[in-house]
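Engineer: One letter stands for each residue in the lines below.
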Amino acid sequence: MSFRRFIHRQDRDRDLAEEIESHLAHQHDANLSRGFSRDEARRRAQLKFGNPLAVRERVWRYRSVPWIENAWRDVRFAWRSLRKTPGFATVAILVIALGIGVNTAVFSVVNTVLLQPLPYPEPGSLMMLMQTSPQGSFAAASVPEFNLWHHQTAIFQEVAGYDTGGAGLNLTGEDHPLQVQGVHVTHDYFSLFGAPLTAGRTFTAEEDSPNGGHVVVLSNGLWRRRFGGDPNIVGRTIQLDNEPFLVVGVVGRDFVTDAPADLWLPYQFDLNTQDMVHYFSVAARLKPGVTVEQANAQLKLAADQFRRTIPNAIGPQNSYGVEPLKQWMIGDTRTPLLVLLSAVVLVLLIACANVANLLLARASARKREFATRAALGAGRWHVVRQLLAESLILSLSGGLMGLLLGYIGVRLLLNVNVGGLPRLGENGSAVALDVRVLLFTLAMSLLTGIVFGLVPAISASRPNLATTLNESGSRTGIGFRSSSFRSFLVVSEMAMALILVIGATLLIRTYLKLQAVDPGMDPRNTLTMAMSISGSRFQSSAPVEQVIRAGTERLKSIPGVLNAAAGNGLPMQGAFGMPFDVVGRPKGNAPFTGGAGYYSVSWSYFDTLKIPLLRGRGFTDHDDASSPGVILINETMAKRYWPNGDPLKDRLQKAPGAGPIFAEPPRQVIGIVGDTRDGGLNHDPHPTMYIPLAQMPDLETALNSRVAPLWWVVRTNVDPHTLVTSITTALREASGGLPVAHIRTMDEIESLTTSRQRFNMLLLTVFGACGLLLAAVGVYGLMTYSVEQRTQELGVRMALGAQASHIRNMVLGQGMVLVLVGVAVGIGSAFWLTRFLVTFLFNVKTWDPLAFLLTPLLLSAVAMVAIWIPARRATRVDPSTALRFE
Amino acid sequence: MKRPPEAGDVLQGTLDLLILRTLILGPAHGHTIAESIERTSENALEVEQGSLYPALHRLEDRGLVSSRWGVSENNRKAKYYQLTAKGRKELDAAAGRWRRMARAIGLILGESNG
Chain A
1 MSFRRFIHRQ
11 DRDRDLAEEI
21 ESHLAHQHDA
31 NLSRGFSRDE
41 ARRRAQLKFG
51 NPLAVRERVW
61 RYRSVPWIEN
71 AWRDVRFAWR
81 SLRKTPGFAT
91 VAILVIALGI
101 GVNTAVFSVV
111 NTVLLQPLPY
121 PEPGSLMMLM
131 QTSPQGSFAA
141 ASVPEFNLWH
151 HQTAIFQEVA
161 GYDTGGAGLN
171 LTGEDHPLQV
181 QGVHVTHDYF
191 SLFGAPLTAG
201 RTFTAEEDSP
211 NGGHVVVLSN
221 GLWRRRFGGD
231 PNIVGRTIQL
241 DNEPFLVVGV
251 VGRDFVTDAP
261 ADLWLPYQFD
271 LNTQDMVHYF
281 SVAARLKPGV
291 TVEQANAQLK
301 LAADQFRRTI
311 PNAIGPQNSY
321 GVEPLKQWMI
331 GDTRTPLLVL
341 LSAVVLVLLI
351 ACANVANLLL
361 ARASARKREF
371 ATRAALGAGR
381 WHVVRQLLAE
391 SLILSLSGGL
401 MGLLLGYIGV
411 RLLLNVNVGG
421 LPRLGENGSA
431 VALDVRVLLF
441 TLAMSLLTGI
451 VFGLVPAISA
461 SRPNLATTLN
471 ESGSRTGIGF
481 RSSSFRSFLV
491 VSEMAMALIL
501 VIGATLLIRT
511 YLKLQAVDPG
521 MDPRNTLTMA
531 MSISGSRFQS
541 SAPVEQVIRA
551 GTERLKSIPG
561 VLNAAAGNGL
571 PMQGAFGMPF
581 DVVGRPKGNA
591 PFTGGAGYYS
601 VSWSYFDTLK
611 IPLLRGRGFT
621 DHDDASSPGV
631 ILINETMAKR
641 YWPNGDPLKD
651 RLQKAPGAGP
661 IFAEPPRQVI
671 GIVGDTRDGG
681 LNHDPHPTMY
691 IPLAQMPDLE
701 TALNSRVAPL
711 WWVVRTNVDP
721 HTLVTSITTA
731 LREASGGLPV
741 AHIRTMDEIE
751 SLTTSRQRFN
761 MLLLTVFGAC
771 GLLLAAVGVY
781 GLMTYSVEQR
791 TQELGVRMAL
801 GAQASHIRNM
811 VLGQGMVLVL
821 VGVAVGIGSA
831 FWLTRFLVTF
841 LFNVKTWDPL
851 AFLLTPLLLS
861 AVAMVAIWIP
871 ARRATRVDPS
881 TALRFE
Chain B
887 MKRPPEAGDV
897 LQGTLDLLIL
907 RTLILGPAHG
917 HTIAESIERT
927 SENALEVEQG
937 SLYPALHRLE
947 DRGLVSSRWG
957 VSENNRKAKY
967 YQLTAKGRKE
977 LDAAAGRWRR
987 MARAIGLILG
997 ESNG
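Order-wise, the sequence lines are chains A and B.
So for the first sequence, the numbering used here puts the first residue at 1; every next one is plus one.
So for the second sequence, the numbering used here puts the first residue at 887; every next one is plus one.
Worth flagging that the hints you see were computed from the coordinates, not collected in a lab.
One or more hints might be untrue.
Claimed, not checked - DSS-like cross-link-like pairs, simulated, lysine-lysine; straight-line CA separation at most 27 angstroms:
no., chain 1, residue 1, chain 2, residue 2
1, B, Lys963, A, Lys48
2, A, Lys300, A, Lys326
3, A, Lys48, B, Lys965
Next comes chain A alone, as it looks inside the complex:
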């Protein structure tokens, strides 16, 4: 009620003014009729009414809401007082902007990855289906398992299978062929994820059964890019790998998939197959009211039943379960993000301590102002309120600027590197300013304003009137209490900065260690690219072999190319896994001798990548379908499975019991090659085996061509980027017109495997630098202030004959005591805190002696420089001016 009056009082005042006008006019009329002259009538009317402004003021005041009125006055007063000291205000706002900026940046990433719901309807009930075992769980499925899960209608509303990477397809039939990302899905996929449609429809169940025909659903992006948004696209036929596909629909623009997709094809599973190969993922929507625990219990029953139906399909300890889709996508990025968020909160705390210190200095310089105001009747609460208004203006301006800084910063950062984080979109495009980020920044700003404003405000509001007013000017400085509080602030700043810098040092050391890891091949001057061979032409091994032979020949004839090879995978990208048996070796309890990474490669693969041959012989181009089966293993596999024996005397049966696709006779181990780091530089090499591409069973090649592209690798003796055109042309000519995509150097692939470490290192280094800078500014500010306050004392000392060097060392000593206390506290805290960094580290201990020795030295050195400046100023005090200094 009173609030509404308050808001409308401007209008109401105008109304009242008019009303008074009217009243005066009526009185004037009455006076006229009583026979007064015009002037007299007006004069009497005004006399009788009194002062209209006084009346309006009375009504105005009665309409006001005191606290808003007061707050507004405080804000205006604070604004004026800040404008009088623009230097102080600028420094304070910049410091806060820095602190809040880094927080906004990290929070916007945390928001996108961890907080935002998945962009699908009712995302909470979407689950990923997992293979579980005592060793852990992973998301993968075979057709019989998909079929099994599809039948669990008691717990699942919908179940859909889909690729998460795929081989890529060649969109042909136009001027230039284009390699596109085609995702295979079961027909439930679109309704499961609530995909909106721009045109047409999605697949029917019939189209998703064997011999369902060639149909395709286009992504909105491909439809606009390649087909110019043709409104009549539905019903048209497009060419994929030179075969006609009927377009049945176009998906809406807003449909987001985590793995990018240009088009979708129906899987057309034969549900009767007993083929147990895992080559796709399955997601499902829980029925309303079904919990994750209920689903897991039901799936465990289903696994037992499955084990009885298809013997040996899954191991005795293997089972199935669900994991919420969002949780699965976030994966193990949660802890690192939260650690980063804690690190930026430290930066903000340092910034707060800094501004609090500035405010304290300012407040003590304004002691007389407050005392005067108190003497004139301002209450204590009044002074606190006004100082809080000042700090809130500072923090909110800083927050606004920080929001801008943070947003630009996170954009720049993610453009360089998304750090292997999920859900961020291409180059972090999914990171946006939403309400949550805005609220976060606002809350941070208000909180910091109160945190750094309250203590100075309270200490300033406790003046001793008589002494303060009697003191001459500001020379006596701050009392012991607030001076020790300021020292406390500087000590904590130092400690927090040290924690940050130690963290950053550990991550830098980790990164350097990673760089020093031998990748097991020579990544320099090596270009790689993917060729999709998903067409019907490549359903057996011979035509693939032909393309490889022709391609290798042509590539080698390009000047600057030293060697070329192909394989179904590349080092450091992760390989397929494959079980194997050593022929004649007893298996014990396990179903197989073991499992290993598995590549099929062309004969020149090892030479081209410079993976060393350690024993035996490598592949030659005579190891083809007509010659006996051979296999190479890596050093790790040899050491693990032949700790005492000689692998070259053994034969391996790969994929025992995996079904007809993989059926083949055992292969002779012919050599041992060096290890490559296929799980990334920070993982130990896996056991890995290699077979010649030319010796792949036809059915396996057919499956392979569907799920993975053919990777080419070319070694050059010049910068490989300069040869891209001639290499892609040569490959197109050699393959009968197939395009290549994902053109990258091996160096780039290597750096991708460490992108998360680089991301963390980059961030923590930036935070550490911010913290260091802020802490240095903090100690500089405190010492400068203290020197200023003690001008008179220093003057007396000089007058009594103190040496300049003595004075300098005194100031330096006082400053460094604070720094060293801070360093000691920091080392102690870091010792405890770095344990949270353990997942970030590689070959570096959390108490890495180098980090714990060098970092404090660095910090002390920086602080020393920051103190040196005021210390030198102290020696330049002129005794005669100092003694007169007022």
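With the hints as your guide, set chain B onto chain A.
Structural biologist: Structure of chain B alone, referenced to chain A:
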């Protein structure tokens, strides 16, 4: 803003009471109200015009009177006040309080004897 009326408020509320009483005759603008109070009291009560408008606005905020702009008998723009139902009730209550007060004062001054 709303307080229960107390004895001490009676005198302060006098102007309110007089305004409400005047308005029972029908809608009127500020000048008419002032004149009417003065005339009816045989000029014994001269309304301090500076207080009239704050009082009117306070009454309006309390919902005892409503207002609208109109044209006066002099053909001038004027703001007309009108008693609301709530205002009528308040008038009765305030008049009762006033009478009791007047009687009490009268008793003390010994008027009933004279």
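Engineer: Take the hints in turn and mark each one as holding or not.
Structural biologist: Comparing the hints with the structure gives:
no. : hint                   : in the structure
1   : B:Lys963 with A:Lys48  : holds, 20 angstroms
2   : A:Lys300 with A:Lys326 : holds, 22 angstroms
3   : A:Lys48 with B:Lys965  : holds, 19 angstroms
Violation of the numbered hints given earlier is absent; every hint is satisfied by the structure.
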